[in-house]
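Each chain, written out:
Protein chains: 2
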Amino acid sequence: MKIVVDAFGGDHAPLEILRGCRMAIDEYDVDILLTGSEMVIRETAEKDGISLARMEIFDAPEVIATDESPKSIMREKKNCSMAAGLRLLAEGKGDAFISAGNSGALVFGANMIVHRIPGIKRIAFAPVMPKHDGFFMLCDGGANVECRSDMLLQFGIMGSAYLDKVMGVPNPRVGLANVGTEDHKGGTLQHEAFELLQKSGLNFVGNIEARDIPADAADVVVADGFTGNVILKLYEGVAIELFGMIKELFQKNLKTKLAAALVLKDMRGMKKRLDYNEYGGAPIIGAAKPVFKAHGSAKAKTFKNAIRLTKAYVEGHVIEEISEAIACFEKEHGGQVE
Amino acid sequence: MKIVVDAFGGDHAPLEILRGCRMAIDEYDVDILLTGSEMVIRETAEKDGISLARMEIFDAPEVIATDESPKSIMREKKNCSMAAGLRLLAEGKGDAFISAGNSGALVFGANMIVHRIPGIKRIAFAPVMPKHDGFFMLCDGGANVECRSDMLLQFGIMGSAYLDKVMGVPNPRVGLANVGTEDHKGGTLQHEAFELLQKSGLNFVGNIEARDIPADAADVVVADGFTGNVILKLYEGVAIELFGMIKELFQKNLKTKLAAALVLKDMRGMKKRLDYNEYGGAPIIGAAKPVFKAHGSAKAKTFKNAIRLTKAYVEGHVIEEISEAIACFEKEHGGQVE
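Chains as they are written, first to last, in the working numbering: chain E, 1 to 338; chain H, 1 to 338.
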């Protein structure tokens with residue numbers, strides 16, 4: 001298997017990306033096709049003593065400014081590392097593409113260059129997030145701020161396939177993010193999506209309240225991209241604030257500092273468990289080939305883990321699974337998804 | 001000033017409500033008009049030794065089942081404590097109404113019985129919530145799942161007036177809950193609301209991301225009721241989960257138990273600071289007279305505090321303030337709010 005890797009995406013590129021690739025090749029037996037400035041990649045590898053064995057390089061030296069919009073990146077910087085990677089994937093030069101770069105650009109580029117799975121209305125950004133025990137998938141986490149109900153149905157189908165085939169959650173529970181658990185809750189979008197999800201054949205557990213998401217309301221949380229993005233970001237914001245407050249508390253006086261020393265290791269473990277950077281990243285789901293978003297802050301180990309998931313994304317035949325599920329629903333319910 | 005109080009709303013009614021009323025009368029020099037079963041009120045007061053001085057009772061003995069819908073409560077149980085209280089307020093028998101009962105019923109009843117401030121499109125449920133330092137108001141927190149942009153503008157105007165006049169936040173910063181901070185973010189609703197808020201004369205700070213709400217993004221967070229409800233409930237859900245994890249961590253072994261003993265008091269303080277039950281409750285804002293929702297779990301002290309805020313709601317002339325602001329906007333922008 002050959003995975004195309006954006007060597008210049010994320011906060012710690014290219015060094016940590018190269019390190020992560022090295023680790024992944026050695027552990028998971030994959031080949032890597034790097035995109036980005038060949039000169040910088042070679043210099044970085046040499047300086048850090050990273051062997052480039054089993055790594056090819058596609059020279060794509062164009063640099064993106066931090067304030068460029070996703071659209072302009074993809075339209076005007078055709079030889080930046082991300083656009084080049086997506087093109088190589090579309091051309092069949094690799095089995096999947098992974099980038100720690102700008103999510104918006106990745107979604108936009110996947111749409112434009114890799115295209116969608118036939119029958120799929122919208123590509124979604126679907127982060128895997130921590131909950132009390134384990135994780136859940138949020139679909140959509142922000143790619144589509146305005147959605148129709150048939151898109152929400154597809155988010156459920158796609159999230160379900162991914163959790164089953166990649167994350168090892170058989171028959172995942174799909175819940176619709178709503179303002180209450182009763183069937184009639186929400187607005188028109190939720191009412192319609194509820195009906196579609198109910199006859200989808202998915203393991204639909206109904207409406208779920210935001211309050212129950214961090215506990216264990218569902219394995220796949222279906223939401224329009226606006227709501228999903230609010231969930232994603234508030235989740236992070238509240239956790240950051242609370243950890244900040246705990247830190248302040250522990251630094252208050254000698255007594256609290258002693259307490260901090262006693263639980264330091266456990267606290268770090270807990271923080272790590274909640275850090276969504278440690279989790280499964282986010283498939284750019286609905287693209288016709290596997291495209292994966294690693295976290296922007298990913299260091300070598302996290303990036304290695306993201307490559308492992310990308311490999312599973314290919315091997316789990318998630319795309320075929322989604323195609324079949326969509327075709328099956330259309331057949332049974334007469335083009336309701338069309 | 002006479003405040004009408006639903007003696008049978010909330011988890012600890014009527015005992016804690018009566019205790020809270022007693023404390024409020026003694027501290028804030030208000031008169032109280034209680035609604036609910038006069039017999040039970042008198043029995044409870046006598047048994048607990050609570051003086052009913054300066055408290056009148058309006059006998060409204062009809063009982064609500066827990067599974068009744070807000071609409072059926074208000075339509076069919078005209079002599080339950082909440083409906084009676086709203087009616088007494090509408091008839092001018094008191095200056096404000098406060099209840100710790102069902103929020104949905106209170107919003108619906110306020111609409112039906114007290115009516116809206118002229119020019120106001122929708123009554124909002126506007127909880128005051130904790131952030132890193134102090135608090136913010138969420139408007140709307142869930143009364144209106146589907147909103148138009150002119151309603152969002154009014155939520156900003158109403159929240160602003162309340163924070164200024166009741167909570168002592170002069171010139172409050174109003175932010176629009178969105179999926180990013182850039183001006184063009186969001187869907188049609190956000191684009192339109194952004195424009196209206198920008199020319200509103202409010203201290204509009206633009207779009208805010210959910211990630212920044214717990215820090216200090218704005219004093220008034222404007223959102224449609226669906227988004228607002230997701231924010232309200234996820235906020236609570238994440239905090240509950242994190243505190244649960246910390247509790248588990250502290251119980252892990254002798255070392256962590258020792259640490260727990262050292263920070264127990266500080267932790268409780270922190271938890272209390274974050275407990276939105278300790279905060280300002282939620283005005284049912286937009287109603288033609290002051291209607292206030294105290295937390296369902298309110299005990300005497302919290303309820304007393306809610307009465308203090310209800311008094312400030314009356315004395316701050318918030319309703320007049322809102323009326324003027326709405327009229328002023330209409331005059332300047334030619335019926336944009338109509």
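Check the hints yourself; a few may be wrong.
Identical copies look the same in the list; a pair holds intra-copy or inter-copy alike.
To be verified - The calculated lysine to aspartate or glutamate pairs, modelled on DMTMM-like cross-linking and capped at a C-alpha distance of 20 Å, are:
id : residue 1 : residue 2
1  : Lys-247   : Glu-332
2  : Lys-71    : Glu-320
3  : Lys-185   : Asp-67
4  : Lys-265   : Glu-248
5  : Lys-331   : Glu-43
6  : Lys-77    : Glu-182
7  : Lys-121   : Glu-68
8  : Lys-255   : Glu-236
9  : Lys-199   : Glu-16
10 : Lys-93    : Asp-133
11 : Lys-271   : Asp-29
12 : Lys-233   : Asp-183
13 : Lys-71    : Glu-182
14 : Lys-185   : Glu-91
15 : Lys-165   : Glu-62
16 : Lys-271   : Asp-216
17 : Lys-271   : Glu-236
18 : Lys-255   : Asp-59
19 : Lys-199   : Glu-182
20 : Lys-185   : Glu-146
21 : Lys-247   : Glu-16
22 : Lys-185   : Glu-62
23 : Lys-265   : Glu-324
24 : Lys-299   : Glu-27
25 : Lys-247   : Glu-320
26 : Lys-121   : Asp-48
27 : Lys-93    : Glu-248
28 : Lys-93    : Asp-59
29 : Lys-2     : Glu-56
30 : Lys-252   : Asp-59
If you're looking for bench data, these hints aren't it; they were derived computationally from the structure.
Next item on the list: Measure nothing new, just compare the shortest in-copy and cross-copy C-alpha distances for Lys-271 and Asp-29 to 20 Å and report within, between, both or neither.
Entry: For Lys-271 and Asp-29, neither the intra-copy (31 Å) nor the inter-copy (48 Å) Cα distance is at most 20 Å.
Checklist line | Alpha-carbon proximity between Lys-271 and Asp-216, which holds within one copy, between copies, both or neither at 20 Å | finding: Classified as within: same-chain Cα gap 18 Å, cross-chain 22 Å, threshold 20 Å.
Item checked: Intra- versus inter-subunit Cα pairing at 20 Å for Lys-233 with Asp-183 -> For Lys-233 and Asp-183, the Cα distance is within 20 Å only across copies (18 Å; inside one copy 26 Å).
Next item on the list: If the cutoff is 20 Å on CA atoms, where do Lys-71 and Glu-182 land: within, between, both or neither? Let me know, please.
Entry: between (40 Å within a copy, 15 Å between copies)
Check: Is it within a copy, between copies, both, or neither that the alpha carbon of Lys-265 lies no farther than 20 Å from that of Glu-248?
Finding: both (17 Å within a copy, 14 Å between copies)
Next item on the list: Using 20 Å as the alpha carbon limit, work out where Lys-199 and Glu-16 are close: within a copy, between copies, both or neither.
Entry: Neither. Shortest intra-copy (45 Å) and inter-copy (47 Å) distances fail the 20 Å Cα cut-off.
Margin query: Treating 20 Å as the Cα threshold, decide for Lys-255 and Asp-59: within, between, both or neither.
Written below: For Lys-255 and Asp-59, neither the intra-copy (57 Å) nor the inter-copy (54 Å) Cα distance is at most 20 Å.
Item checked: Identical-chain pair category, Lys-93 with Glu-248, by Cα at 20 Å -> Cα proximity of Lys-93 and Glu-248: none, with 51 Å in one copy and 49 Å across.
Check: Between the shortest in-copy and the shortest cross-copy C-alpha distance, which are at most 20 Å for Lys-2 and Glu-56: within, between, both, or neither?
Finding: The answer is within: 10 Å in one copy meets 20 Å, while 80 Å across copies does not.
Notebook entry, point to check: Is it within a copy, between copies, both, or neither that the alpha carbon of Lys-299 lies no farther than 20 Å from that of Glu-27?
Noted result: within (17 Å within a copy, 58 Å between copies)
Notebook entry, point to check: Using 20 Å as the alpha-carbon threshold, which applies to Lys-185 and Asp-67: within, between, both, or neither?
Noted result: between (40 Å within a copy, 15 Å between copies)
Next item on the list: With 20 Å as the alpha-carbon cut-off, assign the pair Lys-77 and Glu-182 to within, between, both or neither.
Entry: For Lys-77 and Glu-182, neither the intra-copy (48 Å) nor the inter-copy (22 Å) Cα distance is at most 20 Å.
In the structure shown, a violation is registered for the earlier hints numbered 1, 2, 5, 6, 7, 8, 9, 10, 11, 14, 15, 18, 21, 22, 23, 25, 26, 27 and 30, in ascending order.
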